[in-house]
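Asks: Chains as they are written, first to last, in the working numbering: chain A, -5 to 179; chain B, 35 to 224.
Simulated from the structure, these hints should not be mistaken for laboratory data.
If you're wondering where the values come from, they're calculated on a predicted model, not measured in any experiment.
Quick reminder that beta carbons are idealized off the backbone N, C-alpha and C, glycines included.
Take the hints with a grain of salt, since some may be wrong.
From the structure, some residues in chain A lie toward chain B, with a derived Cβ separation under 8 angstroms [as the list claims (entries may be wrong)]:
| id | residue |
| --- | --- |
| 1 | Ile12 |
| 2 | Asp14 |
| 3 | Tyr15 |
| 4 | Tyr16 |
| 5 | Gly17 |
| 6 | Val18 |
| 7 | Leu50 |
| 8 | Lys84 |
| 9 | Gly88 |
| 10 | Asp90 |
| 11 | Tyr98 |
| 12 | Arg100 |
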Amino acid sequence: MIDQARFAHASEAELARILDYYGVEWEYEPRTFPILWNTEGKVIESFSPDFYLPELDLFVELTTLKQSLVRRKNRKLRRLRELYPDIRVKLFYGKDFRALMLKYGRFDLAASLSGLEGQITPLSLGQPKLALTVPAPEAGDADVVALTAMPLIAPVVTSMRSRPRVSRGSRRRRGRRAFLAAREA
Amino acid sequence: MTEVSGVAEPSADIGDILVSEDQIRQKVAELGERISVDYAGRPVILVSVLKGALPFMADLMRAMRIPVQIDLMEVSSYGGKSTESTGLVRILKDLSSSIAGKDVLIVEDIIDTGLTLNYLLRYLRGKNPNSIKICALLDKPARRLVEIKIDYLGFTIPDEFVVGYGLDYGEYYRNLPFIGVLRRELYETQ
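Extracted from the complex, chain B is given alone in its bound form:
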């Protein structure tokens, strides 16, 4: 049996709920409708970045009324295990099929500095898609370093540590159905 560090009720570690389950559901439906209208008549490939964007991607594609393909990518993060060896971002999981000539919609959970997404955009543009747009559930503009146009945005949030609906802390809390602020004492005194 896997030890889960005694987590009896993960949601108990949340100080405030920033975005409720109902708000997420409503917003995802709204975004799905907008995207369906904008891409009417042409299929779109949703490219999600593991792991945080998975729940959003799963809900978003079911809220769309147009032909949809999905693909998944994973990239290393600064400070991760790969940092020392290469000093550069590594693609840990690449696209499984070509996007050349196709319309791509990147589905992200949260955008803060914009560095990862900026890298990803350059990488995907190099694969000659017909178009690339961005759909993000959360935007944390206080931390932005690279300005990136977000074509479809769910919520703008304050500069707080948030978890839930795919967002994690130590790989936990991703399963919470809402987005909440992690109680500060959980990481301040570590």
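The shape of chain A in the complex, shown without the other chains:
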């Protein structure tokens, strides 16, 4: 039985349950990696990936932050990979985890996260809604298939297309934050 209180976020407890379900061993935050030191050699920043999967020798970091707030975590992850090139870390973004929850029918958790991607097990979604146009498939021979390879009825709205435009003010503020973060580092 997973002790929810042991985890910092409900999504972490859910991932632990999924790993248990499929018989994958895991350890929760078993190791902390120092990633920044001051001039006196004191650790001033560290990174503790959420899970370690011993059989797979893989660390998994789960972030349910909005995509716009992930920058700091990405920076820490880059730093971790630079300093510890031998360790394997997989970062699950909020949208990745939400897609996973949709796949497994955990709509309650999925709804609390941002983004929408991936396969769904529609246990409680009701019946599919329907359209009536008949497609005309075209041939192609690419093995790595791109989404835009064969437009059919209506273009699928990708996350890039649906992303809201960022104002100059926002870009300036983000630039300022990045500058301050870099200066801190």
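We have chain A already, so just place chain B on it with the hints.
Replies: Coordinates of chain B only, in the frame set by chain A:
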């Protein structure tokens, strides 16, 4: 008469075709030939995982020129009805004959996280086959959690919701002869 929720033309719910019928046919023939060469002189058991891999399995075995046996398995999925009671994967349908000492080729429709296949591999290895290899029609690496070596792969696809050629949404669309991206509005606003 069974109500099919008013589906007049399932393919109308597809936004883009990722892999056409011709592409599938060509790829299956190519995979069948490769497998026939690699397994020449020794019979192989194709083990398919219900339900999505059925069309692929049916076409693949007919594209092979060597002696072939087939078997079917079904395993529960996380979030399914069995999750609450056991908390563990359940084998809903096991192999119908022994694979001990035999060459097994797992035939999968799609591999994304790799969790189910990882479980299945461990389970089948416990039955002492001579060898186990994997043949998958689709690979969605963006979602991979467990790295698994795919010995025979059809197509690598982007992280999109795909249906057709065995893949379903609410048990529909499996009969589409191609693989397409389900229109986002069909599940986004549910």
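Asks: Please go over all the hints and tell whether each is borne out by the structure.
Replies: Results of checking the hints against the structure:
1. Interface restraint check: isoleucine 12 of chain A against chain B, minimum CB-CB distance 5 angstroms, threshold 8 angstroms, status holds.
2. Interface restraint check for aspartate 14 of chain A: the shortest CB-CB distance to chain B comes to about 6 angstroms, inside 8 angstroms, so the restraint holds.
3. The interface hint given for tyrosine 15 of chain A holds, since its Cβ lies 5 angstroms from the closest Cβ of chain B, which is under the 8 angstroms cut-off.
4. Proximity of tyrosine 16 of chain A to chain B holds as hinted, the smallest CB-CB distance being about 4 angstroms (cut-off 8 angstroms).
5. The interface hint given for glycine 17 of chain A is met, as the beta carbon of that residue sits about 6 angstroms from the closest beta carbon of chain B, less than 8 angstroms.
6. Taking 8 angstroms as the C-beta contact cut-off toward chain B, the hint placing valine 18 of chain A at the interface holds, the least distance being around 7 angstroms.
7. Annotation: leucine 50 of chain A was flagged as interfacial toward chain B, and the flag holds, the nearest CB pair being 6 angstroms apart, inside 8 angstroms.
8. A cut of 8 angstroms between beta carbons decides the hint on lysine 84 of chain A: the least distance to chain B is about 7 angstroms, and the hint holds.
9. About 14 angstroms separates the beta-carbon of glycine 88 of chain A from the nearest beta-carbon of chain B, more than 8 angstroms, and the hint is not met.
10. Hint status for aspartate 90 of chain A: holds, given a least beta-carbon distance of 7 angstroms to chain B, under 8 angstroms.
11. The closest approach between the C-beta of tyrosine 98 of chain A and any C-beta of chain B is roughly 4 angstroms, which is under the 8 angstroms cut-off, so the hint is satisfied.
12. For arginine 100 of chain A, the interface hint holds, the least distance from its beta-carbon to any beta-carbon of chain B being 6 angstroms, beneath 8 angstroms.
Checked against the numbered hints above, the structure violates only hint 9.
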